[in-house]
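Undergrad: Spelled out, the chains give:
There are 2 protein chains.
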Amino acid sequence: MVRRDAEKIYVGKQRNNHSLVQESINDLLARLAKSGKRVVRLKGGDPFIFGRGGEEIETLFKENINFQVVPGITAASGCATYAGIPLTHRDHAQSCTFITGHLKNNTINLNWQQLAAPNQTIVIYMGLVGLEIICASMIQYGAPEDLPIALIQQGTTHNQRVLTGTLSTMSKKLKAQSIQAPTLFIIGTVVALHDTLKWFQPDKDIEL
Amino acid sequence: MVRRDAEKIYVGKQRNNHSLVQESINDLLARLAKSGKRVVRLKGGDPFIFGRGGEEIETLFKENINFQVVPGITAASGCATYAGIPLTHRDHAQSCTFITGHLKNNTINLNWQQLAAPNQTIVIYMGLVGLEIICASMIQYGAPEDLPIALIQQGTTHNQRVLTGTLSTMSKKLKAQSIQAPTLFIIGTVVALHDTLKWFQPDKDIEL
Numbered sequence: 001m002v003r004r005d006a007e008k009i010y011v012g013k014q015r016n017n018h019s020l021v022q023e024s025i026n027d028l029l030a031r032l033a034k035s036g037k038r039v040v041r042l043k044g045g046d047p048f049i050f051g052r053g054g055e056e057i058e059t060l061f062k063e064n065i066n067f068q069v070v071p072g073i074t075a076a077s078g079c080a081t082y083a084g085i086p087l088t089h090r091d092h093a094q095s096c097t098f099i100t101g102h103l104k105n106n107t108i109n110l111n112w113q114q115l116a117a118p119n120q121t122i123v124i125y126m127g128l129v130g131l132e133i134i135c136a137s138m139i140q141y142g143a144p145e146d147l148p149i150a151l152i153q154q155g156t157t158h159n160q161r162v163l164t165g166t167l168s169t170m171s172k173k174l175k176a177q178s179i180q181a182p183t184l185f186i187i188g189t190v191v192a193l194h195d196t197l198k199w200f201q202p203d204k205d206i207e208l
Numbered sequence: 001m002v003r004r005d006a007e008k009i010y011v012g013k014q015r016n017n018h019s020l021v022q023e024s025i026n027d028l029l030a031r032l033a034k035s036g037k038r039v040v041r042l043k044g045g046d047p048f049i050f051g052r053g054g055e056e057i058e059t060l061f062k063e064n065i066n067f068q069v070v071p072g073i074t075a076a077s078g079c080a081t082y083a084g085i086p087l088t089h090r091d092h093a094q095s096c097t098f099i100t101g102h103l104k105n106n107t108i109n110l111n112w113q114q115l116a117a118p119n120q121t122i123v124i125y126m127g128l129v130g131l132e133i134i135c136a137s138m139i140q141y142g143a144p145e146d147l148p149i150a151l152i153q154q155g156t157t158h159n160q161r162v163l164t165g166t167l168s169t170m171s172k173k174l175k176a177q178s179i180q181a182p183t184l185f186i187i188g189t190v191v192a193l194h195d196t197l198k199w200f201q202p203d204k205d206i207e208l
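Residue numbers (our numbering), protein chains in the order written: chain W, 1 to 208; chain Z, 1 to 208.
The set of hints was computed from the structure by calculation and includes no laboratory data. All values derive from a computational prediction rather than experimental measurement. Do not take every clue at face value.
It does not matter which identical chain is used: a pair holds within one copy or between any two.
[Unchecked claim] Straight-line Cα separation of at most 30 Å, DSSO-like style, residue types lysine-lysine; simulated pairs: (1) Lys198 <-> Lys8; (2) Lys172 <-> Lys8; (3) Lys172 <-> Lys43; (4) Lys62 <-> Lys43; (5) Lys37 <-> Lys173; (6) Lys104 <-> Lys173; (7) Lys34 <-> Lys172; (8) Lys104 <-> Lys8; (9) Lys37 <-> Lys62; (10) Lys198 <-> Lys43; (11) Lys62 <-> Lys198; (12) Lys34 <-> Lys198.
Using the sequences and the hints, build the whole thing.
TA: In structure tokens, the structure reads:
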């Protein structure tokens, strides 16, 4: 919806293929603003939840550039809604934790004890590569092997696919599938509600 | 933006003053839909994050009523954005947890060990009454006494006020204030960023 004559600069990121590193994005925002342009930094989801929005506005602040931030529907909300999986539910989860599954030197530095505790929902952003480690570590720290987990591929779009399993089965299940990014994982007993509450099934062309 | 002739039914909740209990809301949705009406259940925030949306659509499912769910900007995202407090940040928090501060028999049943761990952001929905217990319990389980905490009152509105303190000072600070609901608390070192990143200050009539 931008002006037809607006200059559009793609700075998107895919795993191991970032069109610009974060520092260059920060600098570009500042440089364009200081050249007198009105700049929109458009991103999917919410800029303050795994979106590096904080770092970007720190740069703007240092450069004395006025800005405003518009919140967005973070992937956890969007995907949970369209998969029919409530993130909190009186009978299942009294809290909800968002983490990323980024690997660093083939390990993931997370508080496993915390994640293995019951009565919560865990949402994993960017967790596909690290999933096997995440599931194994959670089981090692006491989470039940049959704790439900859902993979939501291309969530909220007409290509959405939801695959459900358990901490002990999901990694194997994924190996038999061709997975399309972006992906999001939801772990917790709320996932069991998907079977009945899956109101959005684009492949079935449901008319509401 | 509804039709002028739409019937509007208020079912809002304030603490200890619910215009309708949840079960009555569920039943009302089903009854109106089955009478042939097109029903919108409108709520602030996101219906699947402490919004009881899951329970409402479970009722609709049981009654064989078609529905769709529209995700929303949850209070954590809205308030964090307008307070200039990123919920995650590479230098501060690698995860973010949403909890409620509901009291039950004057205690709060939360996993304090989990909440006292470092490198995370904790967002408390409906935490005003339980705040003193929450702060004391976190300190007892090892969180630093000087861990920053922010209270955001009437966040995202032109009446927004942000009050910052630490786990050991916040309860006392609040007693000297007249607090306007709704409120949201953010706990974690990300709160320290508010001082520089507070771009939205309605009382100062900032022009952007």
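Undergrad: What are the numbers of the hints the structure violates, in ascending order?
TA: Result: hints 2, 3, 5, 7, 8 break, sorted rising.
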